[in-house]
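**Student:** Chain residues, written in single-letter form:
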Amino acid sequence: DAGITQSPRHKVTETGTPVTLRCHQTENHRYMYWYRQDPGHGLRLIHYSYGVKDTDKGEVSDGYSVSRSKTEDFLLTLESATSSQTSVYFCAIRGGLAETYEQYFGPGTRLTVT
Amino acid sequence: RKEVEQDPGPFNVPEGATVAFNCTYSNSASQSFFWYRQDCRKEPKLLMSVYSSGNEDGRFTAQLNRASQYISLLIRDSKLSDSATYLCVVTGGGNKLTFGTGTQLKVEL
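Residue numbers (this note's numbering), protein chains in the order written: chain G, 91 to 204; chain F, -13 to 95.
Hints listed in this document are in silico derivations from the structure and should not be mistaken for laboratory results. Just so we're clear, the structure is a prediction, and the values are computed from it rather than from any experiment. Possibly wrong hints are sitting among the right ones.
As the list claims (entries may be wrong) - Capping the alpha-carbon separation at 25 Å, the derived lysine to any residue pairs in SDA-like fashion look like this:
| # | chain 1 | residue 1 | chain 2 | residue 2 |
| --- | --- | --- | --- | --- |
| 1 | F | Lys(-12) | G | Glu192 |
| 2 | F | Lys28 | G | Pro98 |
| 3 | F | Lys31 | G | Thr202 |
| 4 | F | Lys31 | G | Arg112 |
| 5 | G | Lys160 | F | Gly80 |
Starting from the given sequences, assemble the full structure and let the hints guide the process.
**Tutor:** Now the structure itself:
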């Protein structure tokens, strides 16, 4: 158990509304990631963070922003949700006892944009 | 060409069978390789890392062929509980992982 929680676990929202998803970790990991998972695409990286206030874009970052003001929290914001952002969103942290490339995932958030 | 390619399956096998999955990757600079398991509507979970020399964990054996740029996963004595989707994962640039779309395994009585 990597001590990762995500909230909310499920959300239905309307097109054009802002949405913020939260990822919380309890083990002080430096790297955190946001992915989305859609049928036929596998997991795709949205944004990642390599420290407090240090973030960078992934392959599908358009329409998303992130913030990391504390080590333990990594927020993903959809400024104006669209139906194409209906997906399952996973947060992940990198590493175990030592820095490795292994990532461990939170339970996911199912987001539906109507 | 996709960066990581897997046969989506499903592979339907009887309990006790041996089953193997292959995965090919396009980035010759990739250094780390993994197999993850994902159950329906759950998060991916690390099954095992894949080392150049090959490695085994109980009924699971992973192999890496850098020259041909493929990774394999062998499952012996399949159990019903092995039914899941298996994701092939390789490092891309920097701190990022690239995921395959997964191979679905169904183990049947």
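**Student:** For every hint, state whether the structure bears it out.
**Tutor:** Hint check:
1. F/Lys(-12) - G/Glu192: holds, 21 Å
2. F/Lys28 - G/Pro98: holds, 15 Å
3. F/Lys31 - G/Thr202: holds, 24 Å
4. F/Lys31 - G/Arg112: Measuring from Cα to Cα gives roughly 20 Å; hence the hint holds.
5. G/Lys160 - F/Gly80: This hinted pair holds, its Cα atoms lying about 23 Å apart.
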